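Chain order of the listed sequences is A and B. The numbers in my numbering rise by one with no breaks, and the one at position 38 of the first sequence is 38. The numbers in my numbering rise by one with no breaks, and the one at position 22 of the second sequence is 22.
Please note that the accuracy of each hint is not assured.
Unchecked claim - Pairwise CB distance ranges (calculated):
#1 Gly28/B x Ser21/A: 35 to 45 Å
#2 Glu29/B x Gln3/A: 39 to 49 Å
#3 Gly159/A x Ser39/B: 36 to 46 Å
#4 Ala38/B x Asp50/A: 15 to 25 Å
#5 Glu25/B x Asp87/A: 14 to 24 Å
#6 Lys6/A x Glu23/B: 19 to 29 Å
#7 Ser17/A x Gly9/B: 34 to 44 Å
#8 Arg32/B x Gln3/A: 35 to 45 Å
#9 Gly28/B x Asn58/A: 36 to 46 Å
#10 Gly64/A x Asp37/B: 25 to 35 Å
#11 Arg31/B x Gly64/A: 29 to 39 Å
#12 Ser39/B x Asn44/A: 38 to 48 Å
#13 Arg142/A x Glu23/B: 13 to 23 Å
For the record, the hints were derived by calculation from the structure and aren't laboratory data. Here the structure is a predicted model, which is why all the values come from computation and not from measurement. Note that beta-carbon positions come from the ideal geometry of N, C-alpha and C, so glycine has one too.
Next come the chains, spelled out residue by residue.
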Amino acid sequence: MSQARKRLADALGRVASGSESALAEVYEHTAAKLFGICLRILGNRSDAEDALQEVYINVWSKAGSFDAQRASPITWLATMARNRAIDRLRSSGGRTYEPVEEALEVADTRPAADALIEQSQGSARLSACIDQLDSRQSDAIRTAFFQGVTYAQLATRKGVPLATMKSWVRRGLLNLRECLGR
Amino acid sequence: MSDEAELGGDDLLAAELALGLLEGEELGEARRREVEDASFARAVDRWNERFAPMLDAILRNSRARTCGIASRSGCRITTRT
Chain A
1 MSQARKRLAD
11 ALGRVASGSE
21 SALAEVYEHT
31 AAKLFGICLR
41 ILGNRSDAED
51 ALQEVYINVW
61 SKAGSFDAQR
71 ASPITWLATM
81 ARNRAIDRLR
91 SSGGRTYEPV
101 EEALEVADTR
111 PAADALIEQS
121 QGSARLSACI
131 DQLDSRQSDA
141 IRTAFFQGVT
151 YAQLATRKGV
161 PLATMKSWVR
171 RGLLNLRECL
181 GR
Chain B
1 MSDEAELGGD
11 DLLAAELALG
21 LLEGEELGEA
31 RRREVEDASF
41 ARAVDRWNER
51 FAPMLDAILR
61 NSRARTCGIA
71 SRSGCRITTR
81 T
């Protein structure tokens, strides 16, 4: 386990015991990254800021459920940010902005540098695996991931029967798992 | 689609939950499993780990930016001038 990962996991453990200074530490090391995720999904700054605030409220209340044996801390946090942003997106009925440009303006240079290197290797591998999928499969998986749309919504958007969409996505997921190694 | 069911089963359901594809009864059932069934919960975690690099990828090649100091009142993002 890298030093950065261990520090973050330790800090989450202290958040679980009610340490506000540990929450501040987690925030300091992860807020830029998590903000970038919220912004990428929600597409505008003000919604992303609101979502980010909700994420850290969740971190405060749910840190006890983080299990360092089971998940990496940065993935746990990033997943929470993604899910929080998607919940907001769903409750607002979809987004109105194209987010990509603005999301690229956000960065995270300080935090957890070695953890990020670890992740960027994973990132190259995942990209390669997604790229080798049938484009209908990869489009559906990416859309579901970034826009939080369900099977039914994906099927409607593509104008295909629900069973067809499920089949595309499931085949894509199985191929992905195979490619990444179990 | 029998081959998918055989190959995937619970692990596919875990992926579908992680991606957010489910709704209604299926979603309720999958969330209940995640709470009650530790091996299913681990499968969901594994999928989250598999997908996480997509989140990372969107932030790469981006510029440095500070995010203020820790505060429960939210992140103050400075605007580049």
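Verification of the supplied hints:
The hinted range of 35 to 45 Å is satisfied by Gly28/B and Ser21/A, whose Cβ atoms lie roughly 38 Å apart. Between Glu29/B and Gln3/A the beta carbons are some 40 Å apart, a value that agrees with the proposed interval 39 to 49 Å. Separation of Gly159/A from Ser39/B is about 37 Å and conforms to the stated range, judged on CB atoms against 36 to 46 Å. Between Ala38/B and Asp50/A the CB atoms are about 33 Å apart, so this pair departs from the stated range of 15 to 25 Å.
For Glu25/B and Asp87/A, the hinted distance range of 14 to 24 Å is satisfied, since their beta carbons lie about 19 Å from each other. Checked against the hint of 19 to 29 Å, the pair Lys6/A and Glu23/B fails, with Cβ atoms roughly 38 Å apart. At about 38 Å, the beta-carbon gap between Ser17/A and Gly9/B stays in the expected band of 34 to 44 Å. Between Arg32/B and Gln3/A the C-beta distance comes to about 38 Å, which sits within the given range of 35 to 45 Å.
In this structure, Gly28/B and Asn58/A break the distance hint of 36 to 46 Å, their C-beta atoms being roughly 20 Å apart. For the pair Gly64/A and Asp37/B, the supplied restraint of 25 to 35 Å is violated, since their beta-carbon distance comes to about 19 Å. At roughly 18 Å, the beta carbons of Arg31/B and Gly64/A sit outside the given window of 29 to 39 Å. Between Ser39/B and Asn44/A, the C-beta spacing of about 39 Å keeps the proposed range 38 to 48 Å intact.
Range check, Arg142/A to Glu23/B: about 19 Å between beta-carbon atoms, so the 13 to 23 Å window is met.
Hint compliance for this structure: hints 4, 6, 9, 10, 11 are not met, and every other hint is.
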